[in-house]
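Protein sequence lines correspond, in order, to chains A and B.
When we follow the working numbering, the leftmost residue of the first sequence carries the number 1, and every step to the right adds one.
When we follow the working numbering, the leftmost residue of the second sequence carries the number 1, and every step to the right adds one.
Warning: the hint list may mix true and false statements.
Pairs involving identical chains hold if they fit within one copy or between any two copies, as the list cannot separate such chains.
[As the list claims (entries may be wrong)] Pairs of lysine-lysine, DSSO-like flavour, derived with a Cα cap of 30 Å:
no.	residue 1	residue 2
1	Lys102	Lys171
2	Lys214	Lys34
3	Lys102	Lys62
4	Lys34	Lys171
It is worth saying that the hints were derived from the structure and are not from the lab.
The lines below spell out each chain.
2 protein chains.
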Amino acid sequence: MKILVVGANGQIGKHLVKLIQENENLEAKAMIRKEEQASYFKDLGAEVAIVDLEDEIEEIAKAAEGVDAIVFTAGSGPKTGKDKTLMIDLDGAVKTIEAAKKANVKRYVMVSSFDTSREAIQSAPEAFAPYVVAKHYADDWLRNTNLDYTIVHPGGLTNDPGKNQVQLAEKVERGQVPREDVARVIVAALENDSTIGKAFQVVEGNTSVEDAIKSV
Amino acid sequence: MKILVVGANGQIGKHLVKLIQENENLEAKAMIRKEEQASYFKDLGAEVAIVDLEDEIEEIAKAAEGVDAIVFTAGSGPKTGKDKTLMIDLDGAVKTIEAAKKANVKRYVMVSSFDTSREAIQSAPEAFAPYVVAKHYADDWLRNTNLDYTIVHPGGLTNDPGKNQVQLAEKVERGQVPREDVARVIVAALENDSTIGKAFQVVEGNTSVEDAIKSV
Chain A
1 MKILVVGANG QIGKHLVKLI QENENLEAKA MIRKEEQASY FKDLGAEVAI VDLEDEIEEI
61 AKAAEGVDAI VFTAGSGPKT GKDKTLMIDL DGAVKTIEAA KKANVKRYVM VSSFDTSREA
121 IQSAPEAFAP YVVAKHYADD WLRNTNLDYT IVHPGGLTND PGKNQVQLAE KVERGQVPRE
181 DVARVIVAAL ENDSTIGKAF QVVEGNTSVE DAIKSV
Chain B
1 MKILVVGANG QIGKHLVKLI QENENLEAKA MIRKEEQASY FKDLGAEVAI VDLEDEIEEI
61 AKAAEGVDAI VFTAGSGPKT GKDKTLMIDL DGAVKTIEAA KKANVKRYVM VSSFDTSREA
121 IQSAPEAFAP YVVAKHYADD WLRNTNLDYT IVHPGGLTND PGKNQVQLAE KVERGQVPRE
181 DVARVIVAAL ENDSTIGKAF QVVEGNTSVE DAIKSV
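All chains should be modelled from the sequences, with the hints used to inform the complete structure.
Take a look at the structure:
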């Protein structure tokens with residue numbers, strides 16, 4: 001199973017490509033913006049595609065040709081300018097969804113924000129709300145497709161080493177989660193078709209990722 | 001026919017409320033953010049509702065109760081921060097659409113940007129593209145409802161006095177148009193049900209607004 005990782009050069013993306021390459025059933029194609037970012041992925045034996053999320057859908061679809069799944073883990077993050085929130089977190093995400101359709105890639109895993117509901121928009125701190133809005137509409141766009149999607153809503157991301165111990169359900173208490181464990185969750189979701197059509201929140205907890213994903 | 005004008009205190013909005021109040025078949029309810037903005041509208045004999053587009057959908061729906069149509073002509077404009085582009089031009093617009101549904105208001109006129117197509121996003125200057133993205137998704141949201149919508153795509157807006165001479169079609173050459181004539185177009189669209197389910201661009205031209213709207 002070959003997976004296009006969109007946002008491979010991000011912090012979750014790097015963990016994810018590494019885990020995919022370590023898994024004998026999976027191989028990664030890292031979508032990155034710049035040639036200078038390629039060596040990390042080539043050293044892992046992963047294929048690389050140089051595409052910018054502000055490029056046209058056709059360019060992204062070309063990168064997606066022949067893969068079996070797309071993972072969207074790009075993110076301007078809540079700290080970049082709001083112009084990038086619109087161009088990457090919303091429109092960039094939607095373009096990869098449209099590219100999936102064009103390239104006949106049915107499986108799509110979206111890394112979202114912890115809570116992208118209408119209620120979350122209304123209660124978000126002012127500086128964070130635009131990011132939640134962007135993720136809300138990207139998730140909504142994906143839900144309204146016929147793709148085999150999974151939406152992962154991680155808690156507050158940390159750089160702690162992954163413990164492979166999570167709590168995972170449609171709704172969980174807000175908490176933190178290491179980026180490495182989010183990457184583990186994505187891999188487990190890709191390997192478990194019962195996650196298709198599902199959205200779940202994930203924070204650190206007491207269950208192995210494998211068991212947590214099986215219970216979704 | 002009673003019309004809730006969202007963004008009444010904007011430049012098109014002020015023209016629009018005035019034209020509505022001058023029309024014996026129509027009456028305006030001006031949705032504005034602050035009590036201090038109310039006197040202009042009260043002097044015109046218009047009703048006023050104080051609601052912020054960052055408020056909850058329920059608040060907007062309350063303002064929409066009992067009206068026959070909603071016109072969205074709010075806009076953070078391309079020059080405000082991109083956070084407001086997300087919160088007002090995209091999410092604010094969508095919330096008024098959802099409020100229309102809640103309040104059983106079937107008729108909805110959206111004042112959009114001149115071109116909100118995918119091609120327009122890709123070819124827009126970098127500083128303008130996020131605004132086009134926001135308007136693109138707001139228009140798309142409206143198209144996917146069962147509302148009796150009309151989407152007006154005006155050319156470059158000027159403060160010149162309206163001439164009541166426009167060119168109006170699904171696609172026209174890019175040009176300018178006085179805000180006052182855009183307000184005239186909105187009134188004519190509200191009075192002409194053949195504009196339901198239609199989207200059109202409008203710039204200055206050689207046809208009266210009334211004739212131009214009839215030919216849509």
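- [ ] Have a look at Lys214 and Lys34 and pick one of within, between, both or neither, based on CA distance no larger than 30 Å.
- [x] neither (37 Å within a copy, 52 Å between copies)
Open item on the list: Regarding Lys102 and Lys171, is the shortest C-alpha distance of 30 Å or less found within a copy, between copies, in both, or in neither?
Closed with: Between copies only: 26 Å across chains, 33 Å inside a chain, cut-off 30 Å.
Task: 30 Å Cα threshold - placement of Lys62 relative to Lys102 - done: So Lys102 and Lys62 pass the 30 Å test inside one copy only (9 Å; across, 42 Å).
Open item on the list: At most 30 Å between alpha carbons: which applies to Lys34 and Lys171, within, between, both or neither?
Closed with: neither (37 Å within a copy, 37 Å between copies)
Consistency with the previously given hints fails for numbers 2, 4, ordered from lowest to highest.
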